[in-house]
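> One letter stands for each residue in the lines below.
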Amino acid sequence: MLEISGVAKAFGGFQALIGVSLRVEPGEIAAIIGPNGAGKSTLFNVITGHLVPDAGRINLKGRDITGLPPHAICRLGLARSFQRTNIFPRLSVFDNVQVAILSHEGRAQEMWSRARDLGRERTMAILEDVGLAGRAAEASGSLSYGDQKQLELGIALALEPEMLLLDEPTAGMSPQETRSSMALVARIARDRRLTLLFTEHDMGVVFSVAQRIRVLHQGRIIAEGAPDEVRRNDEVKRVYLGKH
Amino acid sequence: MERRLVVRAVAGVALLAVPLVLPQFYLLLSVEILIMGLFAIGFNVLMGYAGMVSFGHAAFFGVGAYTCGLLLKKTEAPFVVAFLAAPVVAVVVAAVIGYFCVRLTRIYFSMLTLAFSQIVWATAHKWYSLTGGDNGLVGVPIPAWLIGPRAFYGFVAGVSLIVVAVLWRIMEAPFGRTLLAIRENAERAEFVGINVKRTQLTAFALSGAVSGLAGGMFALFTRGAFPEYAFWTKSAEVLIMTLLGGPHVFLGPALGAGILIVLNSVVTSYTEYWPIVLGIILLALIYVFPGGMTRMFLGWRGAGRPAGATRA
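Heads up: the protein sequence lines correspond to chains A and B, in order.
Just so you know, we're using our numbering here: the first sequence kicks off at 1 and counts up by one.
Just so you know, we're using our numbering here: the second sequence kicks off at 1001 and counts up by one.
Source of the hints: derived by calculation from the structure; they are not laboratory data.
This one's a predicted model, so the numbers in the text were calculated from it and none came from an experiment.
Where a beta carbon is used, it is the ideal one built from N, C-alpha and C, also for glycine.
Possibly wrong hints are sitting among the right ones.
[Stated by the list, open to error] Label-pair restraints from in silico Cβ distances:
#1 B:1169 with A:62: 58 to 68 Å
#2 B:1187 with A:3: 36 to 46 Å
#3 B:1161 with A:109: 24 to 34 Å
#4 A:111 with B:1012: 16 to 26 Å
[As the list claims (entries may be wrong)] A few chain A residues that don't get close to chain B, going by computed Cβ distances all over 10 Å:
#5 14
#6 18
#7 59
#8 75
#9 87
#10 90
#11 95
#12 109
#13 110
#14 115
#15 125
#16 146
#17 186
#18 235
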């Protein structure tokens, strides 16, 4: 599904990513873990077109997407959520998801149809999925932090992606919110046969959900494998788990 | 739904018909309000919907005015052609200027629009052989059926009504929602697959077209076109009207145009110190009525609802 080879990115003199390569198979639930500053968000920004890598190639479904703008990559079936919530704050919860659906259906530029009821059923179905159907008319900016994260997930799902990138989906959530949120994500990924790649630094979350884990440390992938293998890896213990 | 639409249409036409019974002075004032109101509504497609504040919209108003004026004065072009050429030429100019401007954001976007508009102004100001330079283009002929304040008012009211209805429809279509999404969060919009720059450019051109049409009507109204039409103070005027009326309500800018023009007319009949009054209005606007007059009338709850700009 996604293949990254030799990707490097520097900011000024700081090497955020150094020759990162990884491969995510269709239907896989994969995680990238690593301490803060390891380069997780940079890697996501490079994959989704927000940043252009200094070197390396990124292939999505066998197609080279290196250097494409974000909206073009999104249209190829890759959706993402952000580490800090990233919604349309003064639009209603309904409008947040509806605008994504309109865009996905290629109707974002239509000038003569009436937007009000377009895609209403699909929008409500997605809001149902992420547990926000009862709050469709509210201003999205007034939702709680956890609900805004759910809404972000809803926006991403509205794009009917084949692959979903979640950047620290549970950052800032309470342990209880974290558990229910990850259960929801895992259920949706299974139901929709999504390929899922997410970053986390909460180890509990990762080991319970992910099938395969990569450990990113100072811009390099230092370990890769099933959760148990990674847990036993000595270098991972040293740079990461040892801190706990 | 259908009934509400009919009620609205009837109310709109009735409101537009009122000035026809007013004395000539007020009728002409109403013409000015309608034209500037249309200009402000067009300007607000960018400001209120797309969240892009142009400091140079007078450029398109001026281009429309000169296009219409020049064609009528210097060529044999029929009236309809000359009049419709105003928005057409304005849309081309707006597309070229917009192409560069949408690459920038916030204040840099605003400053670039200002720079381009000053180029348009300087061209009109200095190109004596074509535009008449600082003397302006005077003596633009208009067809016989347009002569007389009532006829002219009827023409402007009819055109404005059609253009506003079309613009409302576009703003209520997915395109309008897409603009709101871009205004709220351009980065997120890009990540739901919206081509942000292209959408912004379309809005820029649309806004320029409406401004050019308003400029064309203004040239017919004053029987001439002058460099001031493209000067930055004109851009400031339309910005103030929009803020005064309220950028988050579709018709708000037109209300702002009405208030500003009526106030100007009243105040200048008593004193020459209009700029002082204007300054006080701006202070009041910023400290007492943020969100504009429509927000005050509609109440905070009504005008501040999530889909802000989707109110008539």
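> Quick check for students: does the CB of residue 235 of chain A sit more than 10 Å from each CB in chain B?
Fine: 34 Å to the nearest Cβ keeps residue 235 of chain A off the interface.
> Between the beta carbons of residue 1169 of chain B and residue 62 of chain A, is the distance compatible with 58 to 68 Å?
Roughly 42 Å apart at Cβ, these two residues miss the hinted range, so it is violated.
> Against chain B, does residue 125 of chain A keep a CB gap of more than 10 Å to every residue?
At roughly 17 Å from the nearest Cβ of chain B, residue 125 of chain A sits farther out than 10 Å, so the non-interface label holds.
> Classify the label on residue 18 of chain A as holds or violated, using whether its beta-carbon is more than 10 Å from each beta-carbon of chain B.
Check passes; 26 Å lies beyond 10 Å.
> According to the definition I'm using, a residue is off the interface if its beta carbon is farther than 10 Å from all beta carbons of the partner; does residue 109 of chain A meet that for chain B?
Residue 109 of chain A is in fact no farther than 10 Å from some Cβ atom of chain B, at 6 Å.
> Would the non-interface assignment of residue 146 of chain A survive a Cβ cutoff of 10 Å against chain B?
holds (18 Å)
> Since residue 59 of chain A was said not to touch the interface, does its Cβ keep a gap of more than 10 Å from each Cβ of chain B?
holds (19 Å)
> Confirm or reject the claim that residue 111 of chain A and residue 1012 of chain B have a C-beta distance inside 16 to 26 Å.
holds (21 Å)
> Confirm or reject the statement that residue 110 of chain A sits farther than 10 Å, beta carbon to beta carbon, from all of chain B.
violated (4 Å)
> Should the label of residue 186 of chain A as a non-interface residue stand, given a Cβ cut-off of 10 Å to chain B?
holds (22 Å)
> In terms of Cβ atoms, is chain B entirely out of 10 Å range of residue 75 of chain A?
violated (5 Å)
> So is residue 87 of chain A really clear of chain B, every C-beta pair being over 10 Å apart?
violated (7 Å)
Hint compliance for this structure: hints 1, 2, 8, 9, 10, 11, 12, 13 and 14 are not met, and every other hint is.
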